[in-house]
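Hey, can you work out the whole structure from these sequences and the hints?
Protein sequences, first through last, are from chains A and B. Residue numbering for the first sequence follows this note's numbering, starting at 1 and increasing by one per position. Residue numbering for the second sequence follows this note's numbering, starting at 185 and increasing by one per position.
It is worth saying that the hints were derived from the structure and are not from the lab. Since no wrong hints were added, every one of them can be taken at face value.
Quick list of the computed label-pair ranges, beta carbon to beta carbon:
hint, chain 1, residue 1, chain 2, residue 2, range
1, A, 178, B, 224, 50 to 58 angstroms
2, A, 174, B, 224, 46 to 54 angstroms
3, A, 159, B, 260, 45 to 53 angstroms
Covered by chain A, according to a simulated footprint, are these stretches of chain B (three or more residues, beta-carbon under 8 angstroms):
hint, region
4, 200 to 209
5, 218 to 227
From the three backbone atoms N, C-alpha and C, an ideal C-beta is built for every residue, glycine too.
Chain residues, written in single-letter form:
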Amino acid sequence: MRNSYDEALITEQLHHQDTAREAFGKVIQHYSSQLYWHIRRMVLDHDDAADVLQNTFIKAWTSIDNFRGDAKLSTWLYKIAINESITFINKKKAQNNLSLDDDDSFLAERLESDEWFDGDAAQIKLQRAIATLPEKQRLVFRMRYYDEMKYEDMSEILGTSVGALKASYHHAVKKIEAFFAEHD
Amino acid sequence: MKKEESQLLNDLGKDAGFKVPDGFFEDFNARVAQSLPDVTITEVNVAPSLWVRVRPYLYMAATFAGIWGMMQVFNQFNGSADHAQRISEIAAGIPNDNNADELIMSGVASDYDILTYEDSVMADEPQQTQRLP
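Set out below in C-alpha cells:
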C-alpha cells in the first residue's frame, strides 16, 4: 500500500469533493502508524493515544481546506497531532488538579499498570526522565531520538531554528543523564 | 546521529516497551475512515504561482545573458590585444595591411615607407599592375 502512495496526487485529490474522502482514507493508512507512535510517546497510554490520533485525523479532515499543499502533508499532520496531544495532556492535568506548568510525570506513573507496556525498569525510568523535561525539549528529544527525524523537518513542524533544536536536544540528553545519575 | 547520543541512551535502546493490540492499525484505519463526517470541499485548482510559471523562462534568460556577457568580455579581451599590437606596430613604424592607413595618416610613415609598402602590395597582387600616373 505504501508503494502506491503518491503524495502529489493525493494532495490534488484532497481538494476535490468527489475524490477527497477516498484520498483521505489513503492518508490515514499512510500516516496512522508514525503519528500513533509519536502521540503514544507523548501521552504514554495506548487508549489515550488512539483517541488523540482519531481526533487528529478528524481535525485534519474537517479543516482540509486549510491545507493548500504549501507544506508537506506530514508536517501539517504532525503539527495537528502535537497540538491535539498537548491539549489532551492539559485536560488530564486539569482533571488531576495539576497546574499547566507542572511536568508530565503523572503520565509516567501509570505506566507499570498499563497492559500495553512491557518495558523494564530502565525504560520506565527513561519515560519518567523524559516527562520531567520542559515541553519543547521533550518534543525535540522524542522526535529526534525515537522518530529519528531530521532537524530540518523538525524545524518546519516546530517553527524553531535548526541550531536551537540541536541545543534543545543536547540539553535534553544531559538532563536525562543527570536524572539517571540522581535516581541510580 | 550516533555522535550526539550518550552511552546511556545507546545502552537503553529505542524500544520504549510500548505495544499495541494485534491488528490495531488495520481496525483503526477502517474505523476512522468510516467515522469521518461529511464536509464540503472548496474546490480549488492549485494553480502554480506566477513565480513558478515564469521561473524556467527567467532561468533560461539568465543563462543566455551570462553567455552573452562572457562573449562580450572575451571579445573585449581579444580586441584589446589586437589593438595593443597595432599601436605597438604603428609606434615601431612596421607597416602591414592592418595599420598601413593609420601609419600614413599619423605621419609616422615617411614617403619612402609609403612607396615601399605600396610596391609590396602591388607585388602581392600582380593582376592589379596598372598604376595611376
